[in-house]
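Engineer: Sequences listed follow chains G and W, in order. Sequential numbering from 1 applies to the first sequence in the working numbering. Sequential numbering from 1 applies to the second sequence in the working numbering.
By construction, these hints were calculated from the structure, which means they are not laboratory data. Note that CB positions come from ideal geometry on N, CA and C, so glycine has one too. Among the hints, erroneous ones may be present.
Which residues of chain W face chain G? A partial, calculated answer using Cβ under 7 angstroms [to be verified]:
hint : residue
1    : K141
2    : D240
3    : A247
4    : T249
Simulated restraints, written as ranges between beta carbons of each label pair [said to hold, decoys possible]:
hint : chain 1 : residue 1 : chain 2 : residue 2 : range
5    : G       : G95       : W       : N221      : 28 to 38 angstroms
6    : W       : Q455      : G       : E89       : 51 to 61 angstroms
7    : W       : S401      : G       : G59       : 26 to 36 angstroms
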Amino acid sequence: MIHILKIVAQRIALGLLTLLVISLFITFGVELLPGDLAESILGQSATPETVRVFRAELGLDKPAHLRYLDWLAGMATGDMGVSLANKREISELVGIRLANTLFLGGFAAAIAVPLALLLGILAALYRNSFYDRAVNVFTLTSISFPEFFVAYILILFFAIKFGWFPGISNVSTELALGDKLYRTLLPAATLTLVVVAHMMRMTRAAIINLLASPYIEMARLKGIRPTRIILRHALPNALAPIVNVIALNLAYLVVGVVIVEVVFVYPGLGQLLVDSVSKRDVPVVQACSMIFASVYILLNLSADVISIITNPRLLHPR
Amino acid sequence: MKEELISGKITRREFAQRLIALGIIGSSAGTLLTWADKAHAAKRGGRLRAGIAHGSTTDTLDPATYENGYMSKINYAIQNHLGEVDHTGNMFPELAESWDPQNGAKTWVFNLRRGVEFHNGKTLDSDDVIASFQHHMGETKSPAKSLLKQVSSIRKDGKYKVVFELTGGNADFPFVASDYHIAIKASKDGKINPTDGIGTGAYVLKEMEMGVRFFGTRNPNYFKPDRGWFNELEMLSIVDPTARSNALTTGEVDVIDRVDLKTAHLLARKSGIKVEETTGTKHYTFPMRTDTPPFDDNNVRMALKHAVNRDEIVEKVLFGHGVVGNDHPIAPSNPFHAATLPQRTYDPDKARFYAKKAGGSIKVQLSAADAAFPGAVDAAVLYKEHAAVAGIDIEVIREPSDGYWSNVWMKKPWGACYWGGRPTEDWMFSTAYMGGASWNDTFWKHDRFDKLLIQARAETDQNKRREMYYEMQQIVRDEGGVVVPMFANYVFGTTDKIEHGTLAGNWDLDGDKFHERWWYS
Chain G
1 MIHILKIVAQ
11 RIALGLLTLL
21 VISLFITFGV
31 ELLPGDLAES
41 ILGQSATPET
51 VRVFRAELGL
61 DKPAHLRYLD
71 WLAGMATGDM
81 GVSLANKREI
91 SELVGIRLAN
101 TLFLGGFAAA
111 IAVPLALLLG
121 ILAALYRNSF
131 YDRAVNVFTL
141 TSISFPEFFV
151 AYILILFFAI
161 KFGWFPGISN
171 VSTELALGDK
181 LYRTLLPAAT
191 LTLVVVAHMM
201 RMTRAAIINL
211 LASPYIEMAR
221 LKGIRPTRII
231 LRHALPNALA
241 PIVNVIALNL
251 AYLVVGVVIV
261 EVVFVYPGLG
271 QLLVDSVSKR
281 DVPVVQACSM
291 IFASVYILLN
301 LSADVISIIT
311 NPRLLHPR
Chain W
1 MKEELISGKI
11 TRREFAQRLI
21 ALGIIGSSAG
31 TLLTWADKAH
41 AAKRGGRLRA
51 GIAHGSTTDT
61 LDPATYENGY
71 MSKINYAIQN
81 HLGEVDHTGN
91 MFPELAESWD
101 PQNGAKTWVF
111 NLRRGVEFHN
121 GKTLDSDDVI
131 ASFQHHMGET
141 KSPAKSLLKQ
151 VSSIRKDGKY
161 KVVFELTGGN
171 ADFPFVASDY
181 HIAIKASKDG
191 KINPTDGIGT
201 GAYVLKEMEM
211 GVRFFGTRNP
221 NYFKPDRGWF
231 NELEMLSIVD
241 PTARSNALTT
251 GEVDVIDRVD
261 LKTAHLLARK
271 SGIKVEETTG
281 TKHYTFPMRT
291 DTPPFDDNNV
301 RMALKHAVNR
311 DEIVEKVLFG
321 HGVVGNDHPI
331 APSNPFHAAT
341 LPQRTYDPDK
351 ARFYAKKAGG
361 SIKVQLSAAD
371 AAFPGAVDAA
381 VLYKEHAAVA
391 GIDIEVIREP
401 SDGYWSNVWM
411 KKPWGACYWG
421 GRPTEDWMFS
431 TAYMGGASWN
441 DTFWKHDRFD
451 KLLIQARAET
461 DQNKRREMYY
471 EMQQIVRDEG
481 GVVVPMFANY
491 VFGTTDKIEH
501 GTLAGNWDLD
511 GDKFHERWWY
521 S
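Can you build the whole structure from these sequences, using the hints too?
Structural biologist: Laid out in structure tokens, this is it:
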């Protein structure tokens, strides 16, 4: 147990270091982009004079490394700062968006993960059958299309032709949970179609891989039913690679959904990030990137921990 | 009497005659008339939901930062201005009751409407107007600042009268004073709170999430009795064109702006949906830097102006939703548009003739990105093909959309650009064609043009003004540095339950005032 805690502590320390490096990359990446917030907000109507006044107002006349250090000092005390563009607290700005993104990601995950596991296990069980082929073809097809295409196809049928679901996901805070689920079902379905294939194939491959090992042979010779062999004997040992893939896909559900957000007009974090990058609103870009990076790091960390726990050889190293 | 008009007992003409007989001055009679226009058919009620092509998380409610169509529509929903442009393109008093130029249009007296209430209960007076103007003057980032440079002082003359002193005569000052940035807001101790969202407008701001959603309810004390028909107004920012069409076709919204031109005809075929368009002042241009070779030679400019097939560009880039331009920025809807000026057409022979005068072959680069206007790169490629027929070699350079306005526009010798246009000739010319103007994107300077511009600005005789503006349009057309191939229509879609009067073309969606002008049948 102490061993695991040590690993976790190590990983968290490494994660913080990664975040620091990322924040450096992001700041100077945005800095390299042409123009700044004052110029991009004023756009065509930027004159040297208005840009100068605007920059002074925003503190953009200070050199980039000083602004970065200011930001870092704030971040260390948990203060994400205010948006340059509209002076709103970033924590407040990001809060609603993050909740929306997590809601959509969580909803999609709640459908996708059990579905992928089920399909994968069944595919392993009835390997090379018609069902196996069909599931493979279907999931690989859906992952091969770009997300926006899958989204438009779903909209075409379920929103326009049949009229069962709304064509855009206009969610506001006062909506009841049921309504919210109903309004976000199409984007969640799109994401599900996109991520299921990866997890399903990994589940299938990992289990099939183990089915060739001697102890499964033994179990089979004992006369155990195939379902039980897979669920009790193969699956626990196959968990490590599956959990890793699930973690990657969950991370994707949080950080990679911007296209789906745009198509369904869903007010998530991705949209906020894109807006902020195009307007060079550095503090907001920083905050969003930090959240995205943390999600990645945390999910990977938990995947590692789970694989260690499920594998006695790693849990009790000699 | 207005009730008589509304109920149809008297005609508009009779109405106007009676008003004049009663001694009501022309401008306010006009206001009563426009507001009464078609009002007898309007009904109150319902929630209007609009899907708007703009909007960003980085927007703010501060009028000095309005830069896109989403904020402009919110602006017109919650706030009013001194004057309002109607469907004829003329300016009518809105929060002002009347205005009066004195001293050769150097002094302007604005009489304010009485009894207008802000959403917070305060009554509009001179102090509010002065504070609202001062927000855009002095040390400010407001784009209206350069417009208000001509104002040397503002003072109040009683509770309901504001006097502007200008540095030079300007017969169009009411247009300037009604610029969309200069929303009139409630003041406290001589200052407005720019981001409080409180105005005198037809809708009271209830909820606002930038880049996502605006929600407002009808202002029960709105000062225009026959405007603002909807009980509730919801505006969603839907930037993706396909998502916008989807929202309209699936009934999630009732109105969308900027219909995707490629699919507009398909949308119009759908039952229950109307696609409508207005031709306003919005135009797409290819400005050449006249201070940079080879564009400093007017023969080169003339060669290029003759080397473009405008009809084909309107047909292929605008899908027919527009009209051809005549190499000057004045739209057919502007009051002094020179309709008699011959339309410039595609003429490879003339282009060749001018190219020869310029010393033989012309080889130039044209920078374009879709940030300049949708389809700019396609238009540039078409231009290249047209010019090739005349032996002119145009190399199209595809620039990144990101940062286009800071790195390409007014930097590269020849590029693409768009102008929302301006309601008056003076404003358009002063903004982008006067020598030394900060947005003079052709870096053009013409002494005769500049002299006419100053003269026409102070001239109050309409016929003389018309002559001067005609001449100026001709000068820009024949000597200016800009190619204006087209004026683009505003194309929008609504459900067939929406009704409206004659549409204004000064901005998208009925002058961005659709929410107060339209109603449900």
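Engineer: Could you check if T249/W really has its C-beta closer than 7 angstroms to a C-beta on chain G?
Structural biologist: This interface hint holds because 6 angstroms falls under the 7 angstroms limit.
Engineer: For the hint on A247/W, just tell me whether its beta-carbon gets within less than 7 angstroms of chain G.
Structural biologist: holds, 5 angstroms
Engineer: With 28 to 38 angstroms as the target window, see if G95/G and N221/W comply at their CB atoms.
Structural biologist: Roughly 35 angstroms apart at Cβ, these two residues keep to the hinted range, so it holds.
Engineer: Min Cβ distance, K141/W to chain G: is it shorter than 7 angstroms?
Structural biologist: Because about 4 angstroms separates K141/W from the closest Cβ in chain G, which is inside the 7 angstroms limit, the hint holds.
Engineer: Measuring from the C-beta of D240/W to each C-beta in chain G, is the shortest one below 7 angstroms?
Structural biologist: Result: holds, 5 angstroms to nearest chain G Cβ.
Engineer: Using the Cβ atoms, figure out if S401/W sits within 26 to 36 angstroms of G59/G.
Structural biologist: Taking Cβ atoms as reference, S401/W and G59/G lie about 27 angstroms apart, which means the hint holds.
Engineer: For the range 51 to 61 angstroms, tell me whether the beta carbons of Q455/W and E89/G fit it or not.
Structural biologist: holds, 53 angstroms
The structure fails none of the hints (numbered hints given earlier).
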